[in-house]
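Participant: Now for the letters of each chain:
4 protein chains.
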Amino acid sequence: MLKIPRTIFTRPLDQELGFGKNVTTVGRMMNPDGTFNVERQYLNWWDNTYFHLVTMSWKYFFLLVFISYLVINLLFALLYMVAGMDQFSGLQEQDFWSNLSFAFYFSTQTLTTVGYGYISPTGHLASTLASLESFVGLLAFALISGLLYGRFSRPTAKIVFSDNMLVSPYREGMGLMFRMGNARKSELIETEVEMILAMNQQEAEGATIRKFYGLKLEIAKISFFSLSWTVVHDLSKESPLWGLTKADLEDANAEVLVLVKGTDEANQQIVHARRSYVAEEMVWNARFSPIISRKSNGVPHVLMRQIGAFRLLEQV
Amino acid sequence: MLKIPRTIFTRPLDQELGFGKNVTTVGRMMNPDGTFNVERQYLNWWDNTYFHLVTMSWKYFFLLVFISYLVINLLFALLYMVAGMDQFSGLQEQDFWSNLSFAFYFSTQTLTTVGYGYISPTGHLASTLASLESFVGLLAFALISGLLYGRFSRPTAKIVFSDNMLVSPYREGMGLMFRMGNARKSELIETEVEMILAMNQQEAEGATIRKFYGLKLEIAKISFFSLSWTVVHDLSKESPLWGLTKADLEDANAEVLVLVKGTDEANQQIVHARRSYVAEEMVWNARFSPIISRKSNGVPHVLMRQIGAFRLLEQV
Amino acid sequence: MLKIPRTIFTRPLDQELGFGKNVTTVGRMMNPDGTFNVERQYLNWWDNTYFHLVTMSWKYFFLLVFISYLVINLLFALLYMVAGMDQFSGLQEQDFWSNLSFAFYFSTQTLTTVGYGYISPTGHLASTLASLESFVGLLAFALISGLLYGRFSRPTAKIVFSDNMLVSPYREGMGLMFRMGNARKSELIETEVEMILAMNQQEAEGATIRKFYGLKLEIAKISFFSLSWTVVHDLSKESPLWGLTKADLEDANAEVLVLVKGTDEANQQIVHARRSYVAEEMVWNARFSPIISRKSNGVPHVLMRQIGAFRLLEQV
Amino acid sequence: MLKIPRTIFTRPLDQELGFGKNVTTVGRMMNPDGTFNVERQYLNWWDNTYFHLVTMSWKYFFLLVFISYLVINLLFALLYMVAGMDQFSGLQEQDFWSNLSFAFYFSTQTLTTVGYGYISPTGHLASTLASLESFVGLLAFALISGLLYGRFSRPTAKIVFSDNMLVSPYREGMGLMFRMGNARKSELIETEVEMILAMNQQEAEGATIRKFYGLKLEIAKISFFSLSWTVVHDLSKESPLWGLTKADLEDANAEVLVLVKGTDEANQQIVHARRSYVAEEMVWNARFSPIISRKSNGVPHVLMRQIGAFRLLEQV
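Residue numbers (the working numbering), protein chains in the order written: chain A, 88 to 403; chain B, 88 to 403; chain C, 88 to 403; chain D, 88 to 403.
Next up, chain A with everything else stripped away, as it sits in the complex (with noise of 0.2 Å):
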């Protein structure tokens, strides 16, 4: 039977965050690349074509581009040797491998318009389909140059995310930190960070209810970010953190959502990025090793490879 927990908002935060009673006691809310561990049934296989064209990986989208092109060219290929070797000059009724052969050449030269005319249609069949081909040619790669420019043109952001939440010392007593950087060379301007922690508690009638908390930082804007930026939420006796250990937030099947939004100088969009972090993922009594040296002229420069570098803390 699926019990549903109730959720409680113990510090009001900006606004609902949309999960209402679906929020769930067990399981990760959000995958550690930023995405909501939801699934949805879509109404039409097509709705997402575009979103999915833009967001795959480029060796995927060349990947798929390429399959296409040999599809297209296969498939009109087969239509060329059912309209008869004769239909073109250029060609002679050889065996079928060669006639498969030579049709894919003549498909390949008409898709992209290159038509030497070694090869070419003679017949009205033929000459039809080619017609249709180098159409079909033209199209596909319109369609190319837009979703080339829609993959360009996409705002993203490309920050990093420390693997781990550090209980590190700050001030008097301690904080919850985790290091991002910009891994792009255009500017991130006005970004602001915010941070949610999800838990679930023990009510006194008995249930287990999910709560959320939006956990304050010490500094949660920046005008620009150019290097890296720890971000902290100061463990003291304001924080619902307070006196809790490692092994408590594991109980409480913790999470700590990280929501970025700042606006990328280099084309004036806003970008988003999210990270979450759960209580196996949190590391008690470490520190962040420093990754800003400074180089003899003075300049700060960033090892953002090692934005999750870390070392362990003797025991207090």
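Heads up, a few of these hints could be off.
Pairs involving identical chains hold if they fit within one copy or between any two copies, as the list cannot separate such chains.
With a straight-line Cα cutoff of 27 Å, these simulated DSS-like cross-link-like pairs (lysine-lysine) come out [what the hints assert, rightly or not]: (1) Lys272 - Lys348; (2) Lys308 - Lys324; (3) Lys382 - Lys298; (4) Lys303 - Lys333.
Please keep in mind that the hints were generated in silico from the structure rather than gathered at the bench.
Using the hints, position chains B, C and D against chain A.
Facilitator: Same frame as chain A, now just chains B, C and D:
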């Protein structure tokens, strides 16, 4: 004679709707697809060409492109025939339809720049026409590239709305509610919703006026619109709908406008969706059927196709 | 000698206009098309190339592209002639104009990449030139694709303004009003309007200064700009125009700037429109003719072409 | 040993700048072109490819495209030679350089899809290579189309700044001012400017710390940035610069950051410009030369090239 009703906002809305004294007391103000039920006489037919070309369905768009391809080729084929078959190498004078066919094939080979060359323009007139056609071809396909990208990049949410508004049990009393879902894979963030009620009311002096009310919502903004969202207006004593029956609403020609606004995370564009429900589309004493199930791993799963599913409750 | 008038804002505007002490007491500040009546000497002529290419009329754009096509082809044709006709198969040395014609045809076949091949470059020089020209051709058409999309996607509202501002009966007194309409099919949402009055005033010490007033509007923002909108400033005692006649305004070289801002729903871009009315364009004691009629089904219909139509009232 | 200075904001700035404890007391923080004087080690070299391709100068962009064109063709030419000249009709085995030349010409004819056909691939290997090359060609030009549009549509203001900040007579005392102009034809609307002073200061305990001050401006926002704008900070008693001399500022390694933000009306995109002035770039007791003249018709004319022109005043 045209009777224009007076318009009164009894609860201050954020701003004027923009229909002034032109609102009608008969017929719906907004079509179910979110367009307004008004007609504008445009200044020039071409002012909306781009708008139509990027908003028409993909089916019609490709059909239009294909028909244009045929028409342009036919036009040039006729021009080549006028120029004469002797202007071409590789062609000989035959009957009209053969001539037209080959002129058409040559035209497609020129327009798409495939240019096999087994038919070639050798005369001055044919060469000049071909120079023009290949230029037209490249411009046309540049245009199509632009349009395709314009279509792709248009900020459009795919929000599915329930077909009906329900009057369902809510807290101690009843609530007016509809349900919507995000049918795209990309998250909609910071999604806001507004409900505006328009209905005819009898004034003291007997005139019928059309009044507008902003309806207060239980939750009007969520951070992430990942699942479905049932938007609820509490039919409490504070509601302008307090105590009214379905028949009352039908008599008053009531219409509830729903305005949704959010940010599509895939391209960071603000998107809008609108829906209107007239009194006939409201169902009394019914409840939306659950569409979120939970998989064995605790991940919520939304059945988007059933967004409008509801069951009638027994009359109390 | 250049006399620069002092500028005074008597009613605090939201912000400085940006003309500082440079406002003029003669001539209009804004042209009727919304551009400012200023001249800038630019640093480099190419800084505004893209701006011109996307803002010029379609007629001139296509003319420019066509002329460029002719010029580039002519240039390459001359280069091919310099290389010599013996560098080509399919061509023989003839008279100058025949040579030029065939070199031009070959050039178009290369630039558009149609490449029939009945004329082919066989010598090294011709082949190298052709390699270059086909490369130039593809770059040029990639450029045109980019420009075409730049033209399409430019955020432009098509707001039509009445040619005149009217002083019409309004409430118990009179109002200064103009009318505008949305001549595009896409809705303009959250549309705001601002009216700023500039006029010369005699100061106590006799100097003429140019004063700016923000004029209070009856309604300054609407949710949907679907129909026409008559924007009204009440000529009440609070108005800086209270008691002034048309002659007074002409003497004071009065100019009313109209600033409109809205969101085009088709592409969700913020669009701006501006208009200015000088005293000579104001008509006293007139009323705009109705342009919204109601069809039999109650749907309002707007006659956009008559946005500026008005009739004079009998003098009271 | 690396000494990191403490950072203190004595007057609350709107938000953290984002340099935290990493600000340096030596060297400039911002380069004159507005980029920050920091270095980041990137994760992957290709993360910034698009950024570089759209921000590099047009000269280098076209050079890069042209070199790529040569390299790709050379590569395919070598592959065709490996396949053998006997794989082609229209080619005969000659010396190495002739072979390479013709293979190169054939390659360009294939990559650009011009495909004359006087050289044609007849063998299987050559045909397959040609099928691949024409595909690569179309992809490459689709890519270039996308990049060209990416370059065109990038939101960039062309704001020219004076080379120096001046300390000029202002009201009863002096003001720190610079001048900037909009060197584009499109208006910049709602333009805001911010000035931040960074300088070293001796603390009571003898340590040198870097302090940041937001400098109050006479006018910080204008509606239309049509002409030139002289931005002024009043050197009154409230200013952190009150009483300091040029020598003091140089000793304190003072740097004034200028942040400009506006909306480019041509494409409605928000654009940013930055400039920094170090103490050495400040000129005491000078005044900007007038650059706005008035034509006979009263239209102001701005001499943008002389934005930085000033004359020294006699020492008082």
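Participant: Evaluate each hint against the coordinates.
Facilitator: The hints, checked one at a time:
For the identical chains of this complex, lysine 272 and lysine 348 are neighbours both inside a copy (17 Å) and across copies (20 Å), given an alpha-carbon limit of 27 Å. When the C-alpha separation of lysine 308 and lysine 324 is checked against a cutoff of 27 Å, the pair qualifies only within one copy, where the shortest distance is 23 Å, while the shortest distance between copies is 31 Å. Taking the closest pair of Cα atoms, lysine 382 and lysine 298 come within 27 Å of each other only across two copies (22 Å); inside a single copy the shortest separation is 47 Å, beyond that limit. Taking the shortest alpha-carbon separations for lysine 303 and lysine 333, only the intra-copy value of 20 Å comes in at or below 27 Å, while the best inter-copy value is 43 Å.
Of the numbered hints given earlier, the model fails none.
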